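**Student:** Each chain, letter by letter, is given below.
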Amino acid sequence: MLEIKGISVSYQQHRALTDVSMVVEKNDFVALIGSNGAGKSTLINAVSGLNKIDLGSIVFEEKIISNLAPDYVSSLGVIQVPEGRKLFPQMTVEENLEIGAYLPEPRKMYSRNLGKMFELFPRLKERRRQRSGSLSGGEQQMLAIARALMAQPKLLMLDEPSLGLAPIVTLEIFKILQELNQTGLSILLVSQEVLQSLNISKRGYLLENGGINLSGNSSDLLTDPRVKESYLGL
Amino acid sequence: MNSTLIIQSLISGVMMGSVYALLGVGFSLTWGVMKVINVAHATFGLLAAFFAYTALQAYGVDPLISLVVSAPLLFLIGCTLYHLLIVRITSAKAVIVSSMILTFGIAIILENLMLLLWGADPRLFTTSYTSKVIIIGPFYFQYPPVIGFLMSIVGVTLLHLFLKKTYLGKAVRAAWQQPDASQLCGINLKRISAITFGLAVSTAGAGGLGMGLLYSFEPHSHNLWLIHLFLVVIVGGVGNVLGTALAGVIVGVITGLSMAFLPYQWVNLLTFGLLMVILVVRPQGLFQSEI
Amino acid sequence: MNSSLTVTKTATFLFVGLVIMVLSFYVNSAIAAQPIVIGGSLPLTGEFAETGKLIEKGMKFWAQEINEKGGLLGRPVEFKIYDDESNVGKAVTYAEKAITVDKVDLLFGGYPGTAARAVMPVAEKHKFVYVSMGGHMKSFEQGYTYSFGAPPLMGEWWYEGFFQWMETVPADQRPKKAAVYTMNNPVGASLTGSIQKWTKKLGIEIAIDEKYNLPLPDATPLIMKAKQLQCDMLFANGFFGDGVMMIRAAKALDYNPKAILQGIGSVVPAWIKELGKDGDYVFSGTSLFNKLNFPGNDKLNEYSKKEFKIDGYPLYFGFGYAWMQALAQGVEGSKSLDQTKIRDWLKSNKIQTIAGSMTFDDKGLPEPINFCTQIINGQVELVWPLNVQTAKPVYPKPAWK
Amino acid sequence: MKSDQFSSTNSNRLYQMIIPIVLVGLALFPFSEPPVYFISFVFWIFLYVCLSSSWNLIGGYAGYLSFGHVAFFGIGAYATAMFGKIFSLSVSLTLLGTIPAGLIASLIAIIVGYPCLRLRGPYFAVITLCFAFVSQLTVKNLEILGGADGLWLKTMDVSVEINRTIFYELMLALTSVTVLVSFLVGRSKFGAGLRAIKEDEEVAQTMAVNAPRLKITAFALSAFFPGVAGGIYACYLSYIHPDVVFDVNMSILQVLMALFGGASSWIGPVVGAVSLTVVNEGLSTFVKAELARIIYGCLFIVVIVFMPNGILEFFSRRTKRIDN
Amino acid sequence: MSLSATLTGHDIDKSFGGLKALSKFSFEVKAGEILGLIGPNGSGKTTLFNLISGLFHPDSGKIEFEGANITHESPHLIASLGVARTFQIVRPLRDLDLIENVAIAVVYGRNGISQMQVARAKAFEILEFTGLSHRARRYPGELALEDLKRLEVARALASNPKVLLLDEVFAGLNPKEISTAIELVYKIKETYRVAIIMIEHVMKAIMTACSRVIALHHGVKLCDASPMDVANHPEVIRAYLGAGYAGN
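Protein chains in written order, with my numbering: chain L, 67 to 300; chain U, 108 to 398; chain F, 30 to 430; chain W, 467 to 790; chain E, 52 to 299.
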């Protein structure tokens, strides 16, 4: 479904990613782990079109999407839940969801999808008229996911959805992601919560210093000592 | 001091201020959300006023009706200008400075085009209602300011409703609250910017018409109007539509009240002095920022 | 290192460019010879563009006329007009440019008062006759010998005609209380003196005497106050913009003084054109006018009708024409382009202009002349003095309809 | 010497040769008996070079765009005029008053700058603009300062040529000093601190740059020269009026000139002021009034779109590219 | 140098809105010591640096530098006393070349130099020391992140500080670069005898460079011990790898 073939990304003169390749299959659940500054966000921003790539290519459903405008990439069904949620803070919960369904196709299905979201996240329904900036961290993250889902994604990419959340809330969110994957949604998850994300995902990649160092089934990675080393430098 | 004079000064202050507000909202929008200070904002308003004047003189078209043509026209001009020029400086290091110089150039060009087309004579809108008046008790409500006031209420409400209720308006707000995230939702930033700029310019048209109802105008009048713009936008908070609208009224009330209490020659001085104080004390404006 | 070298290069280029420009001016100025060149600057763009353009047209009409007659001293006349962008500093340099670079034969008068005030010392230094509206009495009291007002626009005299007429009104019919609102600029300041003097003489009490800075934000409080204090006379000493606001406010508030005096605002054609009926019955002054029966006015009116489609030439059009008339008579009279001779001739002879005949005193001013005008039925009429009267003054002013 | 590699010795020598020649040439220019207008015109150029160079101290080096700098010009003009009037001095003695006038302008800059320099970006621009209006209206409303009538100064009892030459030389001297100060500040510790403030005020502070003090010093210094220039201008014009010496257009023009040339170096404002004044003069001379203004407007658009960092940088970058 | 602490903090509290960034946080650091500061994103490390350098002021608590209370002093004063810092997201002065960037820190620092020409020479030495001399005349925009991080260090060093605050100077560097950078930090410590506090995510760097490590989580100090002890501290592991990992 999504194929990243040997891409390199630089900021100014600095190379943030070097020759990175990875694959997300249809109905896959891939966890991308790695320490801070390893280049995880750079990678999914490159997929979304927010970062330009220097070398390589990104292919989504047989279409080359590298270096296309972000709004066009989104219209193909590659939707990102950005790091730090990036909600529209002055807008209500419902308005955020409305913007999520901005593209023509999802817009047609707006009311049906809205109902679904409120089923999935009942707490958002309670707070539908509240400003998103006034929500708690967990609710904000749920809203960010719901906003992305409103766009009817084929591939959902999440950048650090557990950042700054209490463990129990993280657990709740990850459970929902697992459910979504079971209904057929492909997911690419970037997270600091190594254990939990490897627990729920099918496959995993370890990104270190701008390159993929390790990949395989999540269950294998869970026990791999190199993962712990990469995090704690032991 | 007697209360009738004070209240009458207040009334006309409110009406006058509301017209400043109408002229100011678009200016505030482009400044706040696009970081573009459009020094030519008032010039576009003046252009609409001259357009309306010609329509009135040559074809007897009411100035308000001419807005039906000039507002969309200005919207198009705004969009085109965005694509032709503004977009080139949005990536500059100091967008605000560059935008001021760029639009300063535009203002000079427009002013002198108007000078060529309409000449330097001062103009007034004179219609069947310009000298009419409504009298309620001891108070007088002149038609032109009342119309300006109503226009302002309608204009600001429409803009507010557009931003709050329509899909496109929400997209505009979204784009400025979180440019990256809005792109991830499929919003085309360039298109939205062009629309925002076009919209701002077309509200300038309405504002210019309002100013034309209150004051006589000449090709260089926009320089004076621009000062009012800075005044209301700074007081109201940059980027804040309702704040700007309220600020217009506040500036009007301050002017009105100072006319009731002070020797007239100190009125303008007081207004600018007060603005300086507001800037020092609350540089973010009097109202909470909201887009 | 390269960049600093380029800096030097660029600077050098600019310097060389400047030198070339300077040289080209030298060459240019050397060629001009045959026609009589009259130079100076006018505000053709910016704040005073309206007036500047009218003056320019008046001057050009005069040139066209004189050239048809065979020119001045048998030579055709030609203008070298610079646009000073309504900037006083520029007006000064352009006057010097005309004198020293273009080596013009004659200097024409500028506008507005502040510019004229600043150019007068320059003209004096260069010994060039400078005929303009002047810039009010104070400028003529600085001891300049080459400056003339022919006719001047003298704020101190502006209401003279009106007050002279008011003196003829029986005392019991005169207004009792006056409200005086004056814009805070040189013109405004020069108007107030005569108001003080005459109201005292005529027994009119000044109930309100206030100045305002332009732009006037709102006229309603002003009119309301005048109405509340029952002032039956209103002095609106302003320009067009603020004048219009006062009239509109007066009508809206149904304020009916016996007389409204308007400063400089009502003498521009826009007053009648834009304000229509509401502009009626205001009094004002003038030092020249299209209905005066001095020779020349009819030609100007004819031309205005043809060119601008208006009855009666605009005031500043007349000024532009009249100043040139005065200057030309100085040239013809002294039969010379020697500025001092022209000056001496003008100081010792009577000249004829469309504003009447005049002789100049030491200051370069004629006898105080000012006519009283009133707008009646959408027409500016002369109401005083009697020998030029075109209509009887409407007094007291009819109530608003 | 190690430090040699950090200074551009070659161009230094070039400057050392060219600048005295240019200065002497300029100083001697009036004695070549050109038409007086050229003396006045170059005087006018000097004035703008002085104004935009001194503006550049705060606006260019420190990045605080003051749009009300004309206020200091006006204050200087009025202070000088009042000095001459109160003591009823001759013109040459009145001219001595330009120095205290500059100091008064600086003092006012310190008082005004203290609260205003806490604002940044467009807010600073707007508050300084307001300050210009406030000072203009104050002078207009105060009868002691001549109010709306303006003030007349004495004129010198000499021929036009000598009169203009005196003012020319005075302004040349002032402008040279201004440019020299701007040059020296640019190379000094003080200037380095201002640059750091412009780039990133917070980082500058963590580098021990006392930003508030530096800003106010720069503001006061940049007010001094316009103050003196205002005084000289008042004597030159011999008549001043609030509308003339507090003209906001002048304020905007000096900003544009500096940005036009390139505000990051001492020579940018010089180039900007000279080129804009010359271009404008050329336009007014050869093109119909409105059209001239329209072309002038286009100039700003072209410059900002194609040379966002000023003409100087545009040309130096371009030659760099060619050299490479 | 006396043995007493150079820089100390007592019971520092700081909140932003409702969020508590630091609570009851205390620390001390001595000359010649390298103190590591670790913790997941948002645990309050950078906030601490901002408080020390005076960009923010604590809600309560006290920060002392060589016995003087600097809690509410302005940034430039703290810097001129000898506290220099780097920024996590590099903030070079973009329109100035490297020499100028560093030279400004030299003239305003505690070097007794006030001539730019002299300062430039000194700046060049520092660039040499940090391995940037070959890029002295380049502009920051032309540099790789690695070099920009070095520039941050060079600029901080240039003021001749007594305390150096390094904020993630290793992030985004590859293993080889990290080794050289660690060497640099050592060199700095040896040559300049400064106290260093470094925020770091790259654990390898912390493990090898620091004499002592403080771990922070949600603004609370988890532990203050030797690098090895910190790495094996169960709460630290949980904070890093997520709930439940420690037990694994």
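Honestly, the hints are just simulated from the structure, not real lab data. These numbers come from a predicted model, not from an experiment. You may find that some hints are simply not true.
[To be verified] Computed footprint of chain U on chain L; a stretch qualifies when at least three of its residues, placed anywhere within it, have a C-beta under 8 Å from a C-beta of chain U: (1) 118-124; (2) 128-138; (3) 286-292.
[Unchecked claim] Below are the DSSO-like pairs computed for lysine-lysine, each with C-alpha atoms no more than 27 Å apart in a straight line: (4) E/Lys227 x L/Lys294; (5) F/Lys167 x F/Lys205; (6) L/Lys152 x E/Lys71; (7) F/Lys132 x W/Lys551; (8) E/Lys272 x L/Lys294; (9) F/Lys338 x W/Lys655.
Note that beta-carbon positions come from the ideal geometry of N, C-alpha and C, so glycine has one too.
**Student:** Need the list of violated hint numbers for this structure, in ascending order.
**Tutor:** 1, 3, 5, 7 and 9
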